[in-house]
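Chemist: Based on the provided sequences and hints, a complete structural model is requested.
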Amino acid sequence: MKKNNFIGFIVMLSLLFILAACGSDSNDNASGSNDSDENDAGSEEDSEQESEEVDYPTKPIEIVVPWAAGGSSDQTARALAEAISANIDQDVTVTNREGAGGTIATAEVAQTQPDAHTILLDAVGVFTTQPHLKDVQYSIDDFQAITGLTYEPIVLAVNGDSEWDTLDDLIAEKDKGTQISYGHSGAGGLPDLAQAGFFDQAGIEAESIAYEGQNPAVSALLGGHVDTIAAHPGSIMQHVESGDIKILGIFSPERFDELPDVPTFEEKGYPIDMSVWKFLLVSQETPDDVKNKLTEIVEEAMGSDQYQQFLEDANLTPMDLDGDEVVERLQENNEQHGEIIENMGLSAE
Amino acid sequence: MGEIIVNSLGDVFALNNLLVIFLGVFAGFIFGALPGLTATMGVALMLPITYGMSPTLAMMALLGMYCGGTYGGSISAILIRTPGTPASAATVMDGYALAEQGKAADALRMSLYASVFAGIFSGLALLLIAPQLSKFALEFGPAEFFALAVFGLTMIASISGDNLRKGVIMGIFGMFVSTIGIDPIGGLSRFSFGNDELIGGVNLIPALIGLFAISEIINKSRTAHIQSKEEVSHVKKAASSAAAFMKHLKTIVKSSAIGTFIGSIPGTGPAIASFLSYNEAKRSSKHKEEFGKGSMDGIAAAEAGNNGVTGATLIPLLTLGIPGDTVTAVMLGALMMQGLAPGPQLFQTSADMMYTIMFGLILVNIMMLLQGFFAIRFFAKIKNIPVNMLLPGLLILCFIGSFAVNNTVFDAKIMLVFGLIGYIAPKFGFPVTPMLLGIVLGPIAETSFRQALSVSRGDWMIFVTEPISLVFLLLSLVSISLPFIKFLSNKKRSQKA
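One line per chain: the protein sequences are E and B, in this order.
Going letter by letter, the first sequence gives residues 1 to 349 in my numbering.
Going letter by letter, the second sequence gives residues 1001 to 1497 in my numbering.
Just so you know, these hints were derived from the structure itself, not from any lab.
From the three backbone atoms N, C-alpha and C, an ideal C-beta is built for every residue, glycine too.
The hints are all genuine.
Pair by pair, the computed Cβ-Cβ distance ranges are:
#, chain 1, residue 1, chain 2, residue 2, range
1, E, Leu311, B, Arg1457, 36 to 44 Å
2, B, Ile1049, E, Gly224, 34 to 42 Å
3, B, Ser1284, E, Gly224, 29 to 37 Å
4, B, Thr1349, E, Gly224, 24 to 32 Å
5, E, Gly213, B, Phe1484, 36 to 44 Å
6, E, Leu311, B, Ile1004, 26 to 34 Å
7, E, Gln306, B, Phe1428, 58 to 66 Å
8, B, Ile1129, E, Gly224, 16 to 24 Å
9, E, Glu342, B, Asp1162, 49 to 57 Å
10, E, Pro263, B, Glu1003, 39 to 47 Å
11, E, Gln306, B, Leu1009, 27 to 35 Å
12, E, Gly269, B, Ile1005, 50 to 58 Å
13, E, Asp169, B, Ile1366, 50 to 58 Å
Modeler: Here's what the structure looks like:
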């Protein structure tokens, strides 16, 4: 029995060690939030020059992703983390903090105001649609933007066997009394709003069918359970090439480089601008010199061959915006999206 | 075509492939066996490591982790009555009963054989009939999903134990719990009481750990001070394994087929497959009374059911580019990072790689058999750990596991609440497994029900005019009414006598 005890103890111990190793990989929430105190030394030199002397980063950097592992946000964060850690002495980790359309993680960062070693990756809808749909405990004023990251347009697609070959065919349904079912990745999401806005403006009677995520919506379209969906082109290009899905139009102001033949809705007289774009945020309390240093580090990483190769492989278009432009554009989008949500009667107020 | 297959077969056996599979399966066993760490989590954690590998190598590592993890869940389910993953919840009832009878090694072995057989079965299905199955899977629209969920809910009858009424109450309670959070159709929050965290809903993993692991820890700790003199020596004694396997072959084949079928439909998952298989095995068994009290057949069914899913979930992923669950979503991410977009085109552009992946899946299962053989001896020793050392360790694992799901302490609190439910409810005869079933199936039933009525614009006939939906609804009807019919006919017979 003594011997058994010993073996048992060793088994437990080794299991715990394995766990500890796994744990440190994903959540490095090490304490010590006052590391950046010394940055307060207020010299008034040119920020470019000064940022060379800023003592940042002093500990591992954590990128918080408000969505699950494996999605395009997560992949972007991981590719970026790898590119950043190649240039600095500290590790860069990615933490997935999923839930409630990205609002939980965003609210958490807004409330705790961590130092610049915690970076939040966020997408446009978190600031432009969610606040209209429900009460949220954050606003863009809680953050400073570092840079824009990626841009994914939204397109309207139909089944390959559909009788509509062009956007004009679909618009022509106006007075025929046709009832259309449109699928999308979730109520209040941009693909939902884009289609709701279009069918409303085009005077076509349409019913919204919400799926949980883009993939179920795509399979519903493939199976013929809905008439149209709105989705990102990257995930449906395969089916477009095989002829199972047709893309009718794109919800962007300009045509998309990779889909030169697909008309915009604006061209047809429906000025709807909806695309998902992502960006990096840090706490509002981050001192300017630290923020500049971080921006420099991130921009260097984004310019690396490694990261550029990732964007190409993952079918993502870079979003070339600096921090101030991110905030400006968010405010623009916020007004437009808020208006559509109000028209749909989904508004929380 | 033939040439491609021969080439892929050669590629699979490359030494680095074998090594990566070995490590993947090994890590999978550990992730699956530890309560709270799931195959999904393991695959997600492994993803960044695979970025530097070649596409096939990356997939081998992830598949090893996936299959190993799905089997590994049964180890802790059998030994310490805490399913390592939701997929093994159906294994708990019989597995732990067998372990208590000193047949832990037999149970572990049966679970291994059933898992490996089902894994290979679904791997072959992937290889041979993937395009046909994926076409059928696309037929599953909202009405079909709803009918499937209803059929699944009728399983409450077979896992409720002695008291059907209390089982139904717990099932409904589980479905209620699943409505907390953001309404999947309308996007409004329900039962969140303004709490930010509750808006995210109740996560399945912390609920599972609470219901099964925490409650068991509380139960065990009440008697931890009693030194048990009994020596657990039976773990090594195992019946001739080949004979045992043959005895349950029919159940295993049937369950593998059920698992493969369920797995090929995106959005279902191994938990549903294992419950369905368990239910079917019990229905067709001659020894129904053994189920829940230590039936080898039950273990074989549940484990073949959940591992049958592993190969089949790759069907929609590889043929359509649509991941059916979180694990395959991560795999999709891995392939995308390699510059490969799975889908109809990939079979034409990289056919050799596709076949290498399919053969790799079968190889993963063979590796699982070899490793499992040794792992069982090692894991069976857990039974020898004195309770006063085992429980604190387990408790730590539970907290880490539920925290790690979403990196939040809130989930640990959820776990504790469900731990209390799991501890108290059985004291009053309310079984917890139906509650888990409710949490798993509730969201599918609700979402698809509302989607179906949106599609049909409120016309209820959609559930009976769609043939697949009609079949499942009829099956549910039969499944519910069968016990009553039997009861009545028994009564008649006894009156005549």
